[in-house]
Structures are given as C-alpha cells and as structure tokens.
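Using the hints, build the complex out of the two chains.
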Amino acid sequence: MTGDAGTYVYAVARSAVECPDGVGSVRTVAGAGLVAYVSTVPLAEFGEEPLRRSLEDLDWLSVTARAHHRVVETVAAATPTAPVRLVTVYADDQQVRDLLERRRDDFLDVLSHVTGRREWGVKVYAGHSSEPSATARGGGDARKPEGGDAHKPGNGDARKPGTAYLERRRAGLRGREQVRRQLLARADHMHAALSALSVASCRHRAQDPHLSGRTEMMVLNGAYLVDEGRDEEFAAAAGGLGGDGVEVRLTGPWAPYSFTVMEAR
Amino acid sequence: MDRIGGTTAPAVRQPYGGSGREPANLGDILERVLDRGVVIAGDIRVNLLDIELLTVKLRLLIASVDTARELGIDWWEHDPWLSGRDRELIEENRRLRRLLAVRGGDE
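If you read the sequences in order, they're chains A and B. Heads up, the first sequence is in our numbering, so the first residue is 1 and it goes up one at a time. Heads up, the second sequence is in our numbering, so the first residue is 1 and it goes up one at a time.
Quick caveat, the hints were computed from the structure, so don't treat them as lab data. Do not take every clue at face value.
[To be verified] Restraint-style ranges between C-beta atoms, simulated for each label pair: (1) B:N25 / A:K160: 46 to 56 Å; (2) B:E91 / A:E232: 25 to 35 Å; (3) A:P20 / B:R97: 16 to 26 Å.
[Unchecked claim] In silico contact screen, one side only, chain B against chain A (beta carbon under 10 Å); selected entries: (4) I29; (5) R32; (6) D35; (7) I40; (8) E92; (9) N93; (10) L96; (11) L99.
[To be verified] Here are a few chain A residues that sit away from chain B, every Cβ distance over 12 Å (derived from the structure): (12) T28; (13) T81; (14) P83; (15) A196.
Note that the Cβ used here is the ideal one computed from N, Cα and C, for glycine as well.
Here chain B stands alone, though its shape is the one from the complex (with noise of 0.2 Å):
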C-alpha cells in the first residue's frame, strides 16, 4: 500500500517528477488544481467559488479558443461551469479575433 520509500523505481527521483521526465510545472498543476479533481458542492462557500474560478478558467482559456476549437476540443460548450452568457463572450471573443486575424493578413 504505502509505496513512498523503497519500492520507488530507480529512475524516479522523487515520488512526483523523476529523471529522464520534466518536472511538473506550474502550467500543468494550474491546469489539475483548477479544471480536475473532486468538486464538492454544498458549502456556500463553493458555488460563489465556482463563480470566482471561472474567471480565471476563461482567461486562461480565451487565447486558446481558437485552437482547442480546430483539434475538435470543444469541452467548454458542455462545461456545467460556463453559463450562456460566458459561452456568449467566448464566441464574440473568437469572432473579434478572427476579424482582426483577417484584416491583418489582407493589410
């Protein structure tokens, strides 16, 4: 059960992040600590929470959208997180950086 000591695998230096593999930076804790792991509702505390995370959850995504929309990556249209209106700014925020990505290109 406890596996921390010495049944670590050589290669593994430390129980998270070994040699020969990158470190955890902080783009990839942000991107688990925020979008994953157990969401538990019930203290009030947490759906005004939920409120404040989207915030940051959208400026993380908007430069993205783009992109995560071209591989087919669309998880924010079913996100029980984003409401209408966020969804609403998502979509004006990609229709106003496709008129700026055309405009530039025909300059």
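Next comes chain A alone, as it looks inside the complex (with noise of 0.2 Å):
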C-alpha cells in the first residue's frame, strides 16, 4: 500500500491517550517505547503536487492548522508532548515506528525537558498613540509651492519654506527614532523578567499584522517554558508589565512548540 495513503504525523508523545479527529481519525503507532500520533490521509490530498497547491490556499491552510492543532493540544494536555511540523507526511506506519527507534534519544531528552511544564505566549504591543509621526506625515500638506519670495539675501529669519519642512520632518523622525529605542529598550527589559520565572524562554520574530489582525507595532513575541505550579505568578507578572500606552497580550497554555527543537536529519 504505498500508492494511494500517507501518514501523517501530529506529535510524539510517551503514552496513548484519547484523541479527537485531525485531518483524518487519530490512531497511534509505538515503538521504542514512544508513541505517535498519526492519520491516514490520501495522497490525492496530501501528495507533493496537491500539498504544493493547497499550502498557498489559506482556507485550507487554515483549517488543516487548526485540525493539527487540535490534535496536538489535546495530547499536550494530557501527557508530555512534542509537537511535529504541519503536514509532516509519511509513506506508511513502518517509516514512522523506524523514526521512533531512530530518534527515540532526541525524543526523550525533548519531552522530559518539557515535562511538568507549559508554555506560555507573551506578545507586547505599542499602540500608535505614542508614536509623534503626525508631524512627518502632515509635513507634506503643509508645504507651499512658492519659492521666489523667501529667497531674499539678508533676511536671516526668512527660511526657504522648504528646509522649514525639512527641518520640521527631520525633527518628527528624531522623535520618532527615540520612542522606538525606549520601546525595545523596555521590551528587553519585560523578555528578561519573564524569562527570570521561566525555564526557558525566547524570542519569536514580530508577528506580521495580517496574522496579528492589529495595526500597532509588535515589540515584543516571546514564548516561556514555565513550570505548572508558576502559571499563575507567569500570567500576574506579564499582566503587570502593560500600561502606560503599552498593551500586553498573554495566551496559552500552549503545547510546547517552541521549546521542542531537534536537530533535523
């Protein structure tokens, strides 16, 4: 049967526990004493050339996402879980339980490193507000055409109404420039203390504003591995870095995706 099915892999895991449907019905496959979880799915729809189109559709993206997830979740919250790539394909069982014998090392030190532990996503957002771009981006409105006039030799006050506006811009990008460095400076200073509750912690690039679905800026998108019994110091911790035109956004808890990293091979 190698025509028509694949496996598709969700997570690995150390025991079987009762799961909801992914992108197919969830059934396990052990060995090495791990377990995965996988589907058949078919390889009409998860073949090369159909997944080469359907990953540029983000209706389906976004509902096989989803069904991923949900799989993986659930098993997260029920055992110590590392969660596999999206749309990690397999040719059959067999090529799976030969990656659990394979990598059964680099799967245990992954999951006993997140055992007893969740993750946590902490993004800070800078609201526009304290950003001073009005005067730069007004600046063009301002400016008069005229230019003959204020070029008189000897008049010192009288300045081209052009270097007025430079001069008016180069100010407002000034301002602009130091509000964005006490944004990261303070953004550094908030990853530090929650990385100093959190096992392990890092740093997510900014997230693009389609996917945020907000216009303000991102300054900071850090993921924290923190022990159970420290959740709720985490959340009270986060809650308490926000203010002062400054919005911080906690989620989770998340199965560990960002701290199951294994060398791929």
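As structure tokens, this is what we get:
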C-alpha cells in the first residue's frame, strides 16, 4: 500500500491518550517506548503536488492548521508532548516506527525537558498614540509651492519653506526614533523579567499585522516554558508589565511548540 | 501526569485558552504549527514540503520584514529553510518598499 495513502504525524509522546479527529481519525503508532499520533491521509490531498497547491490556499491551510493543533493540544493537555511540524507525511506506519527507533533519544530528551511545564506566549503591542509621527506625515500638506519670495539675501529669519519642512520632518523622525528605542529597551526588560520566571524562553519575530489582525507595532513576541506551579505567578507578572501606552497579550497554555527543537536529519 | 481533569485551575475554562486570557486565534496557531515544533527530515516528502512551506513563510514574512528588522529580529538571515535566493527576494522587496515610501513621502 504505497500508492494512494500516507501517514500524517501530529506529535510524539510517551503514552497513548484519547484524541479527537485531526485531518482524519487519529490513531497511534508505537515503537521504542514512544507513541506517535498519526492519521492515514490520501495522497491525492497530502501528496507532493496537491500540497504544493493547497499550502498556498489560506482556507485549506487554516483548516489543516486548526486540525493539527487540535490533536497536538489534546495530547499535550494529557501527557508531555513533542509537537511535529505541520504536514509531516510518511509513506507508511513502518517509516514512523523507524523514525521513533532512530530518534528515540532525541525525543526522550525533548519530552523530559517539557515534562511538568507549559508554554505561554506573550505579545506586547505599542499603540500609535505614543508615536509622534503626525508631524512627519502631515508635513507634505503644509508645504507651500512658492519659492522665490523667501529667497531674499540678508533676511535671517525668513527661511525657505522647503528647509523648514525638512527640519520639521527631521525632528519628527528623530522623535520617532527615540520612542522606538525606548520601546525596544522596554521590551528587552520585559523579556528578561518573564525569562526569570521561566525554565526556558525565546523571542520570535514580530508577527505580521495580517496574522495578528492589529496595526500597532509588536515589540515583543516571546514564548516561555513555565513550571506548572508557577502559571499564576507568571500570568500576574505578565499582566503587570502593561500600561503606559503598551499592551500585553498573554496566550496559553500552549503545547510546547517553541521548546521542542530537534536537529533535522 | 494527567492533568486534564479536576486539577485544572478554575481560571482555565478549557485546556487551552482560559477566561481572562485570549483564546488561541488563527494567527497564533499558524505561527506555531508552521514555524515551530519538531522538524523531522528523512522522508522524501518532507524535503519537498520544506520548499512548499517556504513559500507560505515568505508570504507571511514579507509584509513585516521592515518591522522585524527595526526590532532587531532577523531570524530569516539564519533560517536554514531560506536559501540565498529567498534572502535576495526579501532584500529586493525591502528596497522596493523603501523606495515607494520615500517617493510617497516626498510627493
């Protein structure tokens, strides 16, 4: 049966728990003391060519991402779990068993690292109000077209309108740069404070406004692996970092997506 | 070991996404399932899929490159998924955007 079906892998854990459907009904493949959560998928949808097209289709992608995530989070809520990257498809179950045996030690390392811990996401947004960009943006309208009159020699006060505009604009940019630096410094400080409460932490790139659905600048997109007993403490600390034009958004707990790095090979 | 049932803190409505905290939105989920988690190579399809996921990643990435760089976040410059050609594309996109911004500002 190598022709028309493949084995889709969601996650690897040490024990089997009950699971909702993902991209298909979910079952487990056991090997080397580990369990892989998998579905049988049609290659008509999950083969190379179909995926080449459907991964460009955001509707398909969002349905698949949610299905994948549903399985991962269910397993992670019940037992230490290593989530696997979206659309990882093997030829058959035997390939998955081989994988579990070949990478057994790596998986066990990852699983012991996340045991008793949960991932939290912290996104920090800086609102537009703190950004003095109005001068720079409005500058174009204030400019006057006449140039000859102001060009009188000996008159120290009457400067070219163009010069005044450029100076205003430069001042606006300087102010904006200063605000930006302050925000970045504050984000560094927040990340350090949250990392101190975590077993591990990492900063991800700022999320695209299309993904976040927000236009404010994202100054921190952090992930934190926190001992279960410290969840509330962490949440309180995160909440306390906001205010003063800065908004903190806490998400989680997540399956440890950000802390299950294994060398690809 | 199993903490899905009674030991769940009252503040948490469901295992993932509790009251008082925002539930996972699609952006958060996509960010995680596409960029994080265990990458397993070894199957032929995976190698090819890396290329496909790359195009998605690029699309998500390109609009925010300037923001990310401003924030000092430059992971794509070290991301093994991105080839030199992809970086060139990102650079080119950035240059064009900057050019547009400059033109627009001076009009």
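To see whether the hints hold, each was checked on the structure:
1. At roughly 50 Å, the beta carbons of N25 of chain B and K160 of chain A sit within the given window of 46 to 56 Å.
2. Hint check: E91 of chain B to E232 of chain A, Cβ distance near 45 Å, so the stated range 25 to 35 Å is violated.
3. With their beta carbons about 42 Å apart, P20 of chain A and R97 of chain B fall outside the hinted range of 16 to 26 Å.
4. Interface hint at I29 of chain B: satisfied, since its Cβ lies 5 Å from the closest Cβ of chain A, which is below the 10 Å cut-off.
5. Because the closest C-beta pair between R32 of chain B and chain A is about 4 Å apart, less than 10 Å, the hint holds.
6. Evaluation of the D35 of chain B hint against chain A yields a held restraint, the C-beta minimum of about 7 Å falling below 10 Å.
7. This hint holds: I40 of chain B has a C-beta 6 Å from the nearest C-beta of chain A, less than the 10 Å allowed.
8. Restraint check, E92 of chain B versus chain A: the minimum CB separation of about 18 Å is more than 10 Å; hint violated.
9. This hint is violated: N93 of chain B has a C-beta 13 Å from the nearest C-beta of chain A, more than the 10 Å allowed.
10. Evaluation of the L96 of chain B hint against chain A yields a violated restraint, the C-beta minimum of about 18 Å exceeding 10 Å.
11. Nearest Cβ of chain A to the Cβ of L99 of chain B: about 17 Å, over the 10 Å cut. The hint is violated.
12. No beta-carbon of chain B is positioned within 12 Å of the beta-carbon of T28 of chain A; the least distance is around 16 Å.
13. Non-interface status of T81 of chain A relative to chain B is broken: a Cβ of that chain comes within 12 Å, the nearest being about 10 Å off.
14. Not every Cβ of chain B is farther than 12 Å from the Cβ of P83 of chain A; the closest lies at roughly 4 Å, contradicting the non-interface assignment.
15. The Cβ of A196 of chain A lies farther than 12 Å from every Cβ of chain B, with a closest approach of about 21 Å, so its non-interface assignment holds.
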